[in-house]
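Protein chains in written order, with the working numbering: chain G, 1 to 317; chain E, 1001 to 1434.
Calculated directly from the structure, the hints in this document are not laboratory data. Incorrect hints may have been included.
Derived EDC-like pairs (lysine to aspartate or glutamate); straight-line CA-CA distance at most 16 Å [unchecked claim]:
1) G:K95 to G:D135
2) G:K216 to G:D32
3) G:K12 to G:D61
4) G:K186 to G:D61
5) E:K1096 to E:D1063
6) E:K1013 to G:D94
7) G:K186 to G:D157
8) E:K1109 to E:D1063
9) G:K136 to E:E1135
10) E:K1159 to E:E1198
11) G:K95 to E:D1011
12) G:K95 to E:E1198
Remember, it's a predicted structure, so these values are computed and weren't measured experimentally.
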Amino acid sequence: MVVHSSAMLEVKGLTKSYGKLMAITGVSFRADSGENIGLLGPNGAGKTTTVSIIAGLLSPDSGEVRIEGKQVKSDTDPVKLKIGLVPQDMALYDKLSARDNLTFFAALYSLAGAKAKQAIAEALDLVGLSERAGDKVGTFSGGMKRRLNLAAALLHDPQILLLDEPTVGVDPQSRNAIFENLETLKKRGKTLIYTTHYMEEAERLCDRIVIIDHGKMIADDTLQGLHKLLPVTNVIAVELDHADGFQPEQMLALPEVKSAELQQGTLRIGVHDLARGAPGILRWLAENGHSYHHVSSEQPNLETVFLTLTGRSLRDA
Amino acid sequence: MIPFLALVRKDLKLFFHDRRAVVVGMLTPIALASFFGYLFGGQGGNAEMSKVPVLVIDQDGSDISRGLTTQLASEKSLEVKPSGLDAAREAVRKGKATVAIVIPKDFGKDAGHALFTDATKPELGVLYDPSHNAELGMVKGILNGAVMQAVSKEMFTGKGGREMVNESLAQVENAPQLPPADRKALRDLLGGVKEWNERQDEQRDRAGASGVLSGGITMPYETREQAITSGEDVAYNGYAHSFGGMSIQFILFMGLDAGIALLMLRQSGLWQRLRAAPLSRTTLLSSRSVSAALIAGFILVVVFGFARVVFGVHIRGSLAGFVGVCAAFSLMTAAFGLMVAALGETVEATRGYSITATLIMVMLGGAWVPTFIFPKWLQKLTVIIPTRWAMDGLDGMTWRGLGFSSALAPIAVLLLFTLLFGVVAVARFRWRTD
């Protein structure tokens, strides 16, 4: 007999509509302890709706969410203690100090006294804000606020951390600091559900990636698994001298070419076999009068995956 | 309990954090209450009232018209000045005079005849500023008394009166159609008046030039006013009402702000964090009520504390009743704020209609001006306005000096409104973010 232990988080067939607008349809995935799941999709794809339902902020029209096999049945259900939410909008009181903010958020989970102090100290230490604990949040930079926003969700030591675009509007340095915080949390066995529309973040942080577009789940796999879905394994990038008026679709007539797109003067051509495809492509460009000044090869990324699955670029979606 | 207390503490911290806003929030009701209190009688209720400017156009120039002018000028509440007709009309039109009284030519003579016969009554012209109807009524009342006194004095003891008696005696003697018995009776009556007038002249001569004889018909009574306050030796303090009224107004606005803040909170990430925590709707809403009520209580303490120290406003009635009314009103305000948050759709629209509702409650509750100046039907209507009960309760416990039993009805009604607003708030509050 095979015994299936219940997942830390299990999302089954979530559907939610706002009037006639269908926000998400049939979203399902699961996450185990220590697993980092990325919800990737363009703005308005339904990522925040999915996270809001998991956090109990929204009721789905159909489907269910289970935390270690249990559903959240009421506002005060202890199951909610297993979830920490990092909202996309900054959820802090600017007029209070960082410590006062965290003391308040800890108390919402009935943490007080020495336990609360210890949790606050650890959270501030993790996000590198211990020295600014007494300062008002209103004096913090955007990146520091984002880190404190993350710390506020960690105080009650949740098993699942829901991160809704936690790096929006922060500088690269703060973004790296947040990534390091999340990697530390992952090492501690936390389950992270990370929504983003930045493919680089999903590629760097996530064990598995759920791609959502127009409210529908179109893929759920590891990065390697998603690459297997692609018709090409290599991309030749050609920087054209004169890209105006160039029609990348005409390249599809070549037998080795599986995809072609032009972005900011760079022609990206997907091929299965780089050694066989490259000479023919460069010859075709020369014969048709398209000069170029640089050629390189690229491994396909999530952008390519999204383009392949939806027919649109993630940035343009 | 830890989350509940944390929510209350957080609200209080946020309120007191902005010290400048807190100070301004206290100073504004204090400044307005001080101003209104002064207007409504101030400390001791004996602030000097401004006199009504009255112009007199004397086109008659008779003893009666001069006596009338002197009589009006002796009134404490009037500031009487002589004037020409055109100048008086212009002054009233420009609002520099409230009333102008035109005494027409032959007024004295005609009024004397009209006093004893059915001769046509002469008219006094009264030009008035239509925006001062209340003062017009007062001036007309004073004018009636002054005319009666001036005319009767002249007719009973003056030269005009003696001339009229002589004329009447001659008419009696020269009226052949008059029955003899009637002639005799009238001759005796008028002869008696003539003889009495002659004796008055002799007395005046004996008294000398400085001698003053009273005369004329005057009001046959005097009034003795006594303000009924909390005690015989306790004067009315107009600041008590105005500080109560302004406290109520600004506390209501504070409650309104708390409701709108909750509405804004719903649109922020903070709301998502609160909702993600294991918190019940009751905990969240009741904590907001308690913090708003505590802030309202704080405002009342500060504002009435100032009134006590600076203007001598005492709680002459039951202290427990005063505290009870304040507490009930604070809770009602908190529930009102929650209801605003529950019924509001957008912050902008909610702010608009709730400010209107608050101002109506303040106005009809008697916080600006006492409700007795309202029409009767409106006075009856105001019993459905919670602020009316709060004002009655605060007035009762401060300057009226009433006992605790008089606070029970206001407390009960305010708590009923609290319950009503609270039920609406809980029932209509959109808990989910969708």
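Verification of the hints:
no. : hint               : in the structure
1   : G:K95 to G:D135    : holds, 10 Å
2   : G:K216 to G:D32    : violated, 22 Å
3   : G:K12 to G:D61     : holds, 12 Å
4   : G:K186 to G:D61    : violated, 32 Å
5   : E:K1096 to E:D1063 : violated, 28 Å
6   : E:K1013 to G:D94   : holds, 12 Å
7   : G:K186 to G:D157   : holds, 13 Å
8   : E:K1109 to E:D1063 : holds, 10 Å
9   : G:K136 to E:E1135  : violated, 60 Å
10  : E:K1159 to E:E1198 : holds, 11 Å
11  : G:K95 to E:D1011   : holds, 11 Å
12  : G:K95 to E:E1198   : violated, 94 Å
Going down the numbered hints, you'll see the structure goes against 2, 4, 5, 9 and 12, while the others check out.
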